[in-house]
Amino acid sequence: MQPRVIIFDYGSGNLRSAQRAVERTGAEVTVTGDPRAALEADGLLVPGVGAFEACMTGLRAAGGDRVIGRRLAGGRPVLGICVGMQVLFERGVEHDVSTEGCGEWPGTVERLRAPIVPHMGWNTLDVPEGSRLFAGIEPDERFYFVHSYGVRRWELHPTSGHIAPPLVTWSTHGEPFVAAVENGPLWATQFHPEKSGDAGARLLANWVATL
Amino acid sequence: MTLAIRVIPCLDVDAGRVVKGVNFQNLRDAGDPVELARRYDAEGADELTFLDVTASSGDRETTYEVVRRTAEQVFIPLTVGGGVRTPDDVDRLLRAGADKVGVNTAAIARPELIAEIARRFGRQVLVLSADVRRTADGESTPSGFEVTTHGGRRGTGIDAVEWARRTAELGAGEILLNSMDADGTKAGFDLELTRAVRAVVDIPLIASGGAGKVGHFPPAVAAGADAVLAASVFHFGEFTVGDVKDELRAAGHPVR
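Chains as they are written, first to last, in the UniProt record's numbering: chain A, 1 to 211; chain B, 1 to 256.
Take these hints with a grain of salt, some might be off.
[Said to hold, decoys possible] Some chain A residues near chain B, calculated using beta-carbon distances under 8 Å:
no. : residue
1   : V49
2   : H119
3   : E194
[Unchecked claim] Among chain A residues calculated to face chain B with C-beta under 7 Å, some are:
no. : residue
4   : S17
5   : A51
6   : V146
7   : R152
8   : R153
[Stated by the list, open to error] Chain A regions said to be covered by chain B (calculated; three or more residues, Cβ under 8 Å):
no. : stretch
9   : 65–78
10  : 120–127
To be clear, the hints were calculated from the coordinates, so they are not data collected in a lab. Built from N, CA and C at the ideal position, the CB exists for glycine as well.
Please build the complete structure, drawing on both the sequences and the hints.
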């Protein structure tokens with residue numbers, strides 16, 4: 001059976017590339033803003049471009065934050081991409097205005113401190129051992145980023161031996177920031193796998209293989 | 001970990017066909033932008049830029065179709081510029097599958113357009129494209145460079161360096177700096193222009209115009225370009241995207 005993937009459409013930018021890129025993995029892909037379909041799919045992909053506040057407002061209006069929460073409570077996979085990753089954190093701060101995020105992870109999305117912003121283009125990653133998201137991908141492979149904000153501190157450190165520790169992938173632009181996370185059913189990337197050529201295709205296939 | 005210097009082929013598209021000529025062997029249809037996009041992707045292009053030079057707005061729908069078909073087959077970022085006048089134009093291009101949108105003349109006429117687009121879609125979608133030439137004696141701007149329209153034929157008297165600074169402040173995500181003096185000369189990028197704009201903006205800068213040999217690319221990067229763009233040298237197979245990257249790598253610049 002082909003896994004069924006929903007790309008959640010809450011009014012955010014170019015979803016066509018994401019749809020085609022995930023279809024290439026063999027999954028059956030639907031782009032929709034229907035929360036019920038998003039709840040029931042094998043995998044939910046949460047895209048996002050632009051401002052944190054605008055994305056969060058759109059996501060809430062479409063019921064997306066609740067869908068994400070319910071899926072995760074039931075152990076069902078969610079993949080956030082770019083601002084779709086950022087909104088999973090507690091809050092985003094833009095121009096000194098703080099906006100509440102989905103709060104699935106502690107931490108703050110803030111402006112990158114680098115000489116040139118946006119961070120735009122292909123960068124390398126520091127991938128932790130045991131990553132399933134990056135399985136089969138060369139260590140020096142580059143992925144496509146385009147963002148002005150990021151998470152500079154990872155704050156979730158579970159102490160219970162029963163919970164697998166989150167795997168955090170870092171990249172550097174001016175200073176280190178979170179480039180990807182694998183945490184139980186919730187995975188996310190700050191870069192755009194759907195725009196990252198063959199390496200991005202492999203990464204999406206790795207996610208779809210878990211569905 | 002360092003960001004790679006981007007190498008960007010640019011295709012002029014008129015009513016759905018590539019114009020200005022291409023000269024590739026083993027290409028079924030040299031005029032098909034989608035096929036060329038695939039070829040450049042395979043050669044290692046980091047992004048692609050389509051410049052829509054369609055004169056008649058009635059043919060604009062053809063451009064959207066080209067963008068749609070490209071986005072279905074090419075999985076690297078695609079910028080589309082030409083004829084973008086309103087935020088709704090941007091919306092249509094993004095929905096067709098563009099990742100970034102180039103804005104040029106309309107922003108000169110109405111700079112607030114930059115802020116409107118940045119507010120609605122985020123500044124990362126907005127590539128401010130400027131066609132710049134050196135000013136003639138007696139018409140000089142403070143920097144000695146001015147913004148032009150109509151493919152470089154008409155000067156505006158707007159200081160190009162000040163314009164770049166202002167557009168970055170208004171919300172442009174990136175600047176595509178095209179030297180009309182260098183364009184077509186194959187004598188190299190205008191390094192003085194690149195340096196002057198680099199000194200006043202902290203957003204990514206794409207150098208364009210004048211590439212004639214691979215040796216022209218590293219100096220543009222040394223002058224402050226984060227990305228380099230070229231058209232005919234790639235179309236006519238004088239060298240490939242890979243050749244440019246080899247040259248950049250040899251000069252010590254990170255490439256993908």
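Checklist entry - Can the stretch 65–78 of chain A be counted as covered by chain B under the rule of three residues or more with Cβ-Cβ separation shorter than 8 Å? => result violated (count 0)
Checklist entry - Minimum Cβ distance from A51 of chain A to chain B below 7 Å? => result holds, 6 Å
Item to check | 8 Å C-beta criterion, at least three residues: is the stretch 120–127 of chain A covered by chain B | outcome: holds (count 7)
Checklist entry - Does E194 of chain A meet its interface restraint, that is, does its C-beta lie within less than 8 Å of any C-beta in chain B? => result holds, 6 Å
Checklist entry - Holds or violated: is the Cβ of H119 of chain A closer than 8 Å to a Cβ in chain B? => result holds, 7 Å
Next on the checklist: Interface hint check: S17 of chain A, Cβ to nearest Cβ on chain B, cutoff 7 Å. Holds or violated?
Outcome noted: holds, 5 Å
Checklist entry - With 7 Å as the cut and Cβ atoms as the points, is R152 of chain A at the interface with chain B? => result violated, 14 Å
Checklist entry - Can V146 of chain A be said to touch chain B, with a Cβ gap under 7 Å? => result Holds: closest Cβ of chain B sits about 5 Å from V146 of chain A, inside 7 Å.
Item to check | Residue hint V49 of chain A, partner chain B, criterion CB-CB below 8 Å | outcome: This hint holds: V49 of chain A lies near chain B, its Cβ roughly 6 Å from the closest one there, short of 8 Å.
Checklist entry - Holds or violated: is the Cβ of R153 of chain A closer than 7 Å to a Cβ in chain B? => result violated, 17 Å
Violation of the numbered hints given earlier is confined to hints 7, 8, 9; the remaining hints are satisfied by the structure.
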